[in-house]
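**Student:** In case you want the letters, here they are:
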Amino acid sequence: MTHSFETAARPENLRRVAIDPLSRVEGHGKVTLLLDENNKVQQARLHIVEFRGFEKFIQGRPYWEVPVMVQRLCGICPVSHHLASSKAMDVIVGAKQLTPTAEKIRRLMHYGQILQSHALHFFHLSSPDLLFGFDSDMAKRNIVGVAEKYPDTARQGVLLRKFGQEVIRHTAGKRIHGTGAIPGGVNKSLTVPERDELLKDIGQIVAWSRDAVHLIKQMHNQNSALYDGFGAFRANFMSILGDDGALDLYHGSLRGRDADGNILFDGMDYQDYTALIEEDVKPWTYMKFPYLKSRGPQDGWYRVGPLSRVQNCDAIPTPLAEMERREFIDYSANTPLHAPLGYHWTRMIEMLFAAEMINELLHDDDILGTDLMTSGERAEEGVGVIEAPRGTLIHHYRVDENDLVTMCNLIVSTTHNNQAMNEAVRQVALQYLDGNEITEGLLNHIEVAIRAFDPCLSCATHALGKMPLQVELLDNTGAMLSTFTRSADNG
Amino acid sequence: MATAPGPKLKVATVSLAGCFGCHMSLLDIDERLFDLVELVEFDRSPLTDIKHCGPCDIGYIEGGVCNAENVQVLREFRANCRTLISVGACAINGGLPAQRNHLPLSAVLDEIYQSGPCIATGCTIPNDPELPLLLNKVHPIHEVVKVDYFIPGCPPSADAIWKALNDIIAGREPNLGHGLIHYD
Ligand code: SF4
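Residue numbers (my numbering), protein chains in the order written: chain H, 1 to 491; chain B, 1001 to 1184.
Only chain B is shown next, with the shape it has when bound in the complex (with noise of 0.2 Å):
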């Protein structure tokens, strides 16, 4: 592991419409997390009790945009951080959840509150403020910001990330190299 210059970098990572997968891979780096936060902080992460992104060198982005919500936050990272990688299948195309895109909205929203097996009857669509706006497709990231580096996999192992964000860590290019770049 590269020594750190100075102060710790710090480092946000958000899960945008993903399945955390991308962030249990992370900690699947396992013991090194104790050698990782020897030169990082982490900010805003589903880790810490920090809501909102502030000024960070690496952002961490799992999942791709689906609501409003996404968008907003997404933004948020990209405005704070000098590094934004977009980590993962759903970050990079969209993934899983883009499997509903070649699909009406409304045709989903009646298979889960209006026909599933045991919905009650009389019950209506969520519809709440509180709720954020859909999009009516999922989008990959680099489509809404602009995206620093992509580490595929779904998720990427556990050395991809380790090898990717210890290259940006010590100022280098990040090169995954033979072997631990996959897409499954």
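The shape of chain H in the complex, shown without the other chains (with noise of 0.2 Å):
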């Protein structure tokens, strides 16, 4: 676990390359390169280069618009900030235990969630790369190349989508930035003729899933040399299981391992996550570098997301992508494999998974309900963790005596993979850059290595930078319209 190339020692005399944007992930982030005159990589680097500053702005907002606002963070994910938030706010309304109808549409929602997630990253975002090839022509490596060259796949991945989208719909009310969830609570639950329009589709959805499964573990068992290596860098892994330490992506406590499987801690509540977690920051990115404080900057960064999670719990509840688990840790010996392209093959487990969740929440006449809220002894304080499509979502308000947020903090998935989201970067720009003439084909190894992790960059900008320079905006006409900010020394 080594922090080099990640600074050169002499900036000054290399030559910078930098791919940006990067495309097919979502959001707004650059890889910048050094090199020195021979190509060798002496600097690699992913930076985010947007910001929101939500923590801030969200202050002195009412509790019960949080849920609603922070979803704005990211339309890619917003169901995993709305019911992360919305856990938060059940611990400042004292809802200790949810009815069984909020709970489950809660669940159901948060499946649609992963299922319409993982199934965009997979077909639309990153499937031309393993379908063509890394360096493949650029104009075809999209879905639209898909779907000219393999139309049932293309048309799975867009259905099965479709299929979250709709869930969420049904239980959140709009497929994107829905209200479904609120604190203590739900709003409302399925009628029989909305659980009915899911039922109807849902089996034809699971056998997808499982196809998809097959398609990747397939590519993994074809080229394994390449699937396993490809910028695999040894890294600890985290996130939070259920109690029996079986896979919940909904709620759990938080279990950590090291690079060799050891568990670092498990069954801690994470109402104490400031004691597990600190952030660092580094002048190049706006977004932080978390690590276990156990362990110290060096040695305490860690990966979220489908790769750590199937290897992180002792099971997974359903039976379809139970089997896949355990032919997944077979594949890998029983030993943790790093390889970050196995995020693609975890995270279409997990999409079965969460079909598979989906179909058993449908026969669950509690779905049906009318018990929506509950509420108890009101909190100052509360945090709410959910595992993200992309990994562990942590949430973390105060909220004053006039309903008022005084303080947020957010860690999301992606910046929890900041660290190894870099190490993945340099290990490429070591396997197929160093030394060779740069071409685009190459480069796009790059981003493969970043889009395996499914970065959601846009939920990661919420920081904002101080910048060395004042510069105006002019309009079309030439009226001022704002200046760059000299931030300089005042934060």
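If you're looking for bench data, these hints aren't it; they were derived computationally from the structure.
Incorrect hints may appear among the rest.
Unchecked claim - From the structure, some residues in chain H lie toward chain B, with a derived Cβ separation under 10 Å:
(1) D20
(2) R45
(3) V158
(4) K162
(5) R195
(6) H396
(7) E440
(8) H445
Said to hold, decoys possible - The calculated lysine-lysine pairs, modelled on BS3-like cross-linking and capped at a C-alpha distance of 25 Å, are:
(9) H:K174 <-> B:K1163
(10) H:K140 <-> H:K162
(11) B:K1010 <-> H:K140
(12) B:K1146 <-> H:K140
(13) H:K149 <-> B:K1163
(14) H:K217 <-> H:K200
(15) H:K188 <-> H:K96
(16) B:K1051 <-> H:K149
(17) B:K1163 <-> H:K162
(18) B:K1051 <-> H:K140
(19) B:K1008 <-> H:K149
(20) B:K1008 <-> B:K1051
Beta carbons: idealized from backbone N, C-alpha and C, even for Gly.
Two chains, two separate frames, one set of hints: put the complex together.
**Tutor:** Structure representation (structure tokens):
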């Protein structure tokens, strides 16, 4: 676990190559490489180049607005932010145990979200690399190219995502930025026609999800040297798990392991996450670098998301996905697989799990119930954690006696993976680019490694940086609109 | 769906200071995507690997303008796109990111990088030249370039986007009519 190639010793003499913007990822980021005269890589960095400032401007807003506002951080996984903040607000309103209907509707919403987001990532964004090759014709390397060459695969991807979006619409009122969860419960359950509409298609969705696992598994088996070795690096890993150690993406306690798979901590209540995690800031990116306090910044960084979860849990509580998990564990001979491309395989196992969970919930009459809300003793502080499609998502709020938010801290999935993604970029740069003439295809290799993490750079941009200059923005008539800030040393 | 006369129209899309929701809503046209790509070809977009916008018929802009790079990209789109559409609350009025407009940047900086509950001691605020300069305020895109059409909503529904694109592709003035315009 080294930090070499993060910073070149003498950057002034090196040639800069940038991948800007990163494409087929969600959000705004770029990679810069510094190369010497022999094209040897001296420095490689993944930069997050945008900001929001959410943690500041949410202060002073009433707490019940938060689950609706916070979704606007990310249009790909709005449900994750919606639910993590609702869970934090459950603590604030003293809703220790939700009604069965509320809990199940929220779970249904969440598994709809996992399904649509995993499908989007695999089919729309990453499958062109996997099906055509990392340095294939750039003009075809997209979902339209996939639709021409592999129409069935593309169609299944689109329909899997559609189904997930429909589950969200029925539980949250809208496909993107709905309002289903509220502090202490939900504002609607399912009607019988809504349930029946989803039931009609769920069998097909489970079958297609299974096909998707088989597709990626086959790719691994046919080319295991590439799939296991590409950008691989060792890392700790972490996720929440259900009480029994089974995979649960909605609720549980924290478990972390080292790179050999030894358990570092287990059953940890996420209300105490500040005792576990500390964050570092680096000057060249807006995204922070979290690490386990006990191990420090050098050795304490970790990976989250599907590759971590599927290897962290003791079992998956649905039969088809559990079978696939076992095959995956056998493939890696019971030791943690650290291959970034393993994310795709485990992501598809989770998509199958989500489809099976949706099926189970659709057969549970509690989702038709009318007992939607609960509350209890009011608290001042609450933490909500959920396993979002991309990994552990932490929302933390303090609310005053006037019901206004006074403090907010978010650690989003992609931020947890910051060091890991930088590590993958460096590995691929050394494996494939070092000493070579840089081509578009070679640069795409770096993006392939980043895409494996399914980063949501959109979520990760709620921070804000300072700038060394002052520049003016004029509109098309020459009138001054704004100045670029010089925040210099006031931070 | 209208039939396209002659070669495919070119469409470029970009997310500036937005959440990608307005791109996700475009994808929410679901299987109609396959009809769309019969009529149009995607240029720069988060869905392709084209990094710069070339000459295009339609530019689809999500998100407002919050930094120097946004301004540059937006101007590149305006210079290259015959028709520019401002999609969603963020592009049209700044949206959620513009909530920071009433705060001094230094206050936001302090909050995020100096006083968070997990921040290690001794952290400073990012300041690398690789990071684009920030604007003091988040602006709607029509304050920076001329915009041809606006589709409101956060995000606009897939049906609204579908109707507007179809009208433009067919050379009609886009008309969403009753039921498709909403602001939430
Ligand atoms: S308008 Fe809404 S959906 Fe669109 S980018 Fe802005 S916050 Fe996201």
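**Student:** Would you mind confirming whether the straight-line C-alpha gap from K1051 of chain B to K140 of chain H stays at or under 25 Å?
**Tutor:** Distance of about 14 Å is within 25 Å: holds.
**Student:** Regarding the pair K174 of chain H and K1163 of chain B, is the alpha-carbon distance no greater than 25 Å?
**Tutor:** With a Cα-Cα distance of about 19 Å, the restraint between K174 of chain H and K1163 of chain B holds, given a limit of 25 Å.
**Student:** Verify the interface restraint on R45 of chain H: the C-beta must sit less than 10 Å from at least one C-beta of chain B.
**Tutor:** Holds - the Cβ of R45 of chain H comes within 10 Å of chain B, reaching about 8 Å at its closest.
**Student:** Given the proposed pairing of K140 of chain H with K162 of chain H, does the C-alpha separation stay at or below 25 Å?
**Tutor:** holds (23 Å)
**Student:** Under 10 Å is the threshold here; is the Cβ of E440 of chain H close enough to any Cβ of chain B for the hint to stand?
**Tutor:** holds (8 Å)
**Student:** Is K217 of chain H within 25 Å of K200 of chain H, Cα to Cα?
**Tutor:** violated (28 Å)
**Student:** Would you mind confirming whether the straight-line C-alpha gap from K149 of chain H to K1163 of chain B stays at or under 25 Å?
**Tutor:** violated (28 Å)
**Student:** Hinted pair, alpha-carbon criterion (25 Å max): K188 of chain H, K96 of chain H. Please report holds or violated.
**Tutor:** Holds, at roughly 19 Å.
**Student:** Going by Cβ atoms only, is H445 of chain H closer than 10 Å to chain B?
**Tutor:** Because about 12 Å separates H445 of chain H from the closest Cβ in chain B, which is outside the 10 Å limit, the hint is violated.
**Student:** Should the hint that R195 of chain H touches chain B count as held when the rule is a Cβ pair under 10 Å?
**Tutor:** Violated: closest Cβ of chain B sits about 21 Å from R195 of chain H, beyond 10 Å.
**Student:** Taking only the CA atoms, is the gap from K1008 of chain B to K1051 of chain B under or equal to 25 Å?
**Tutor:** holds (20 Å)
**Student:** With a cut-off of 25 Å on the C-alpha distance, tell me whether K1051 of chain B and K149 of chain H pass.
**Tutor:** The hint holds at about 23 Å.
Hints 5, 8, 12, 13 and 14, counting from the list given before, are not met by this structure.
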